[in-house]
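Chemist: Sequence:
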Amino acid sequence: MSRVVGFIDLDAYYCACEVKQKPSLLAGKPLAVCMYETWKKSPDRSADMDRIVKSGGAGLIAVSYEARAMGVKRQMSANEARKACPELITVMVPTKNGKADLSLYKENGEKVVEILQEFAGIVEKRSVDEVALDVTDAAQKLLETTPKELVARQAVNVSHFADSEISLKASKISHEAARRGHEGQHEYTKNDDDEKNHLLKYSSFDYLLLAGAVVINNARKAVRERLGFSCSAGIAANKMIAKVGCGLHKPNQQTIVFPRSVAVLLKDLPLNRLPGLGGDLGNRISSQLNITTAGGLANISRSILLNAGFQDADNLLAAANGTLDEPVKNRANYKSFGSSKTFYKHPITNLTIADQWLSNFAQEIFDRIKNDRNQRNRAPTNVTISITTDKSHVTRTEKVHIGWSDSPQPIVRSAHRLLRRWAGTRTAHLDIVVLGLGVSNFIDLPANKASVMDLLTRNPLHQSKKPSSSAEIMQPSKKKRTIAELLYQQATTSTKKTTTVGKKDSSFFPSSNIDPEVFAQLPPEIKAELLDDRTRLLRQSAPSLGNSHLEQRQVKKKKKTATTTIDSFFAPRRPR
DNA sequence: TACGGTCACACT
DNA sequence: TAGTGTGAC
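Residue numbers for the first sequence follow this note's numbering, beginning at 1 and rising by one.
Among the hints, a few may not be true.
[As the list claims (entries may be wrong)] Computed cross-link-like contacts, EDC-like style, restricted to lysine to aspartate or glutamate with a CA-CA straight-line distance of at most 16 Å: (1) Lys-341 to Asp-355; (2) Lys-391 to Asp-431; (3) Lys-221 to Asp-444; (4) Lys-335 to Asp-444.
It is worth saying that the hints were derived from the structure and are not from the lab.
Generate coordinates for the entire structure from the input sequences, incorporating the hints supplied.
Modeler: Listed below in structure tokens is the structure:
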């Protein structure tokens, strides 16, 4: 069953966030946001401070359309950019605790998603500035209440069409040129081509797309009016084509791709503008099969693709034909949070410094967790550190119990433990060039903080088996402790006796105040987690056998055996 | 001499 | 599962 998908991309988003901070200074100006100088120690600058820098600054991470028009490119450094465009205003990214602080952009991005959720049943947050919406239902409703001719007229008034001359011209230019800006990138003005299009006969699905375009336009208008952000959009029968359509006219414009226009749109579209083919895979396809466009790929037979070693031939062809139909995911928030920093010029050499940074990261991440937890009653269960040296890039993960804990300590301790797991016996010259920390694997929490603590905490005054009222359990005989604290105590006070893990539940917490009966009733995965924590903590007190030298791997250098399939966002998971 | 900091996901 | 690698913004 065909869907109506809108793909929304916020225009020069980081710049727009900065304009929102200081409109009188920045609105309408050629503007770029640059990185802080990662190698220098300088005072933090919070989001609300004046962060305009007249010299210095690292690479650009966002460029306003005004600046793009004057030749400023994203891969420039701030100094290069000012040279190319003397009137350019460069704003440095906010910093906190000695690293970039992207919360200004993240928080605004979440507000955008909240607004968009009013307009679509299914909302997929794809990045800080991109959202895909399934607006099929909303479009249908609109058609039920409004004459279709009127809907079509409204849509035509605010939309481009993918098969207009100007759209097709935009489809032919390169990936990089599309970013630089082109003729199609100006505020919408009506053109005869689109009017002509309107005179064509619409199919019933065309009307649905037109209705979707009206919905998307309303959504964009709401974002602009309430938050001040302009955005561009594509409307099509699937996510991938909606994204391609979105790129045809920017900023602050939207483009409809009718099914009949898909082939002509893709015919001369550079191959690397197909999502997922912008990197190695696209390059390999291009060079091995001697093609440069999506249309060219569409003409290659499946067997030739397979013979050339592209196992994902079916999806590649579906992408090239515009029929790849990955549904819009119902996910409006992140699946993981992370924090990282490069130390290129001054690599981290010892555990103490690394510990400090990890603690910083943990605090930042924990702030996000608390916020997220209050809104969504969920918490992560995995902690991962990521370490890059000259020679290697590795990650190390372990389980963590956070729950409703009010302290970042569980994350800090995990991070420090993982660091040592990586470092092994080596204590000097760690040479860490990039250090990162992340949390993932969110689980839903019981809505009520008290209830979980009550469940897991034995209260000697109330041993009865009948379920206690919360009023009863809310009067603890002594201060309740978190699971982490209990486990920690357990581990550190326990003798080195060997325990058969997993054999008899009730013997596991002899000196803790977790009620064994309660523990026995816990879901198996929670049990396992607690037991894992415990054994790990016990193990921690034993001398660790450094094995980092065995774990080191050569940094991958442009292996041609990359197996990545076309953009995982768009490609259906292959059956296994 | 240096794409910064985060994301999601496929594969094994 | 934990870990590696790619791709994208």
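Chemist: If a hint holds in the structure, say so; if it doesn't, say that too.
Modeler: Consistency of the hints with the structure:
1. Lys-341 to Asp-355: Holds, because 13 Å separates the two Cα atoms, which is no more than 16 Å.
2. Lys-391 to Asp-431: holds (10 Å)
3. Lys-221 to Asp-444: violated (34 Å)
4. Lys-335 to Asp-444: Roughly 12 Å between the alpha carbons, so the hint for Lys-335 and Asp-444 holds.
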